[in-house]
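2 protein chains.
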Amino acid sequence: MEKPYAIGIDIGAQSAKIGVVNRKGDVLERAKVSTKDTTEFDVFLENLVEKGIKPLLTKNNIDISQIQGVGVGAPNASYKKGTIEQAANLVWGKDPKYNGIIPFVEKLKEKVGVRCVLTNDANATALGEMQYGAARGMKDFIEITLGSGVGSGIVINGQLLYGHDSFAGELGHTTVVRAENARVCGCGKKGCLEAYTSAVGLARTAREILENTDVKSSLRKYEIDEITSKEVSEEAKKGDEFAKEVYNRTCKMLGETFADFVAFSAPEAIILFGGMTGAGEELLLPPIKEALQENLFKIWRGRKENCDEDKIKVIFSSLPDNDAAILGASALAW
Amino acid sequence: MEKPYAIGIDIGAQSAKIGVVNRKGDVLERAKVSTKDTTEFDVFLENLVEKGIKPLLTKNNIDISQIQGVGVGAPNASYKKGTIEQAANLVWGKDPKYNGIIPFVEKLKEKVGVRCVLTNDANATALGEMQYGAARGMKDFIEITLGSGVGSGIVINGQLLYGHDSFAGELGHTTVVRAENARVCGCGKKGCLEAYTSAVGLARTAREILENTDVKSSLRKYEIDEITSKEVSEEAKKGDEFAKEVYNRTCKMLGETFADFVAFSAPEAIILFGGMTGAGEELLLPPIKEALQENLFKIWRGRKENCDEDKIKVIFSSLPDNDAAILGASALAW
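Protein chains in written order, with the numbering used here: chain A, 33 to 366; chain B, 33 to 366.
For lysine-lysine, the following DSBU-like pairs were computed, each having C-alpha atoms within a straight-line distance of at most 35 Å:
#1 K68/B / K343/A
#2 K330/B / K112/A
#3 K336/A / K126/B
#4 K171/A / K343/B
#5 K113/A / K35/A
#6 K284/B / K330/A
#7 K345/A / K270/A
#8 K112/A / K171/B
#9 K141/A / K330/B
#10 K171/B / K141/A
#11 K330/B / K284/A
#12 K141/B / K343/A
#13 K330/A / K222/B
#14 K113/B / K321/A
Derived by calculation from the structure, the hints in this document are not laboratory data.
Here chain A stands alone, though its shape is the one from the complex (with noise of 0.2 Å):
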């Protein structure tokens, strides 16, 4: 029978973000719990269950019988096996006991008694997204989550591409400059998508240019080192030309590579979401669209048959940004 509730929770290097969740992505409450204040897994284990899960039920006098299930986004998680590996950013995801390989559907169904699944968070992004936002009614799209990082969740005929391993969708680690001066990533890898284009990248865009060039610019009041993405588009909306100028070259690499996207899975629309979402579609949008429609292979190209959209559209997620994490993890299990 189907339940009325779901669990969604959402980890991340400073705390799990646990929310109960009814059919139509109503989040009734929320709670947090740290993840950083223990290195054993099952302490926090115990604490995610005992102060985060338990309370929040109690609280709302809903019986764990009425949940349909627990749906967990967190950093390093795979599908299948239900694992979170080798998660450099999670304190306790080193525990010895369990040899880097952390048992997480395993342990937390063996506490709670209900169905536990987990994915990384692009992808539950995707399926929040699927479920209560902007690709409603959509079976083939891409998320693309620009924050500190670049993340991808890439939906194909209503379901989540996985891959052969669990570990499909790393499109912030495509190249998207072959050059000896290319970018180091995070990941180890020269001139991928996520060094140019994540908010971290864009800001070390603008500040290599104040740094190297007398361009003139507003953001020039600040130290070179307390530039972020922040400033620049707070300077770019501002009508700053030099900080818009940085987010058309961002953009520009953002739609030259979503035309790769499109030539590999035909997707309906790519859905942007993410911290640099804030600096707006008036920003972001056109200088995206125009550098997609210029790489489009011929027949993507375009507007729709009698119809004023365009074949393949990019728009913006309409997650609520706070409880995104929260709504997308909770999509996992219905």
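Since the structure of chain A is already known, use the hints to place chain B on it.
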């Protein structure tokens, strides 16, 4: 009830090749019908059935009731709609009666009375590989056809990837060179993989360098315009250093680009098919694998645990060259 035979039809610019295939993948008998001697689709279809399919069945004492279905691989084919659209290379592709949209499946089914399925030729090859070839038992792989163009068929979780409009898998038209002087591809875009790594692209690389440098090579015995990929591969096999270097450059581009494909769909293998593989594994595979390993995201690099096999394999097709297209098309029918 399962029936013992399928018909595979491979439609090309010159001819349609027809074969009766059993479930093991033996082509029992072949026939050929010209595709270029009429500009009327109705006439071509009549020929295909009366001069191709029917005599083939009669000759083998097979009744149409023993045929599971007819699979057709064709250029510009839409799987979802069963149509061949705007096919520039087929003389009846622009038959004014059908306004460039040939309702192939509907019309063929009217004539033969069994299930008919149509897909593009690169997809058909991937299906054939999965049914009878090197991808037996695989659920996630990418088939790359290196011929006069670069085609691709992508299999995800045991299914062909079609995308929202059924045109997914145009990997030959992903961009590998972003520069003012990048080659213009036959599709009109600049810098496509196909422009550099097809048989035509490889020969062009050889000719360009021979014309613009004074590199020593046994290829100098030919007039520049005579040099095709065949001459380059022959000289490379005989040990000509320059010809080998042309293969190395081309294969490096393939390996680099394959790394981005892996970041998308995490396939178990990339399988190479088509005329260019005639150059042999020794010439092609080492430089492709080297570039692939150098460019893979870390989780896919190197060997499987306790195993002498790469995490992501690059292998040659095991489909017989002559019958591959018929086999691929017939695989659609099962």
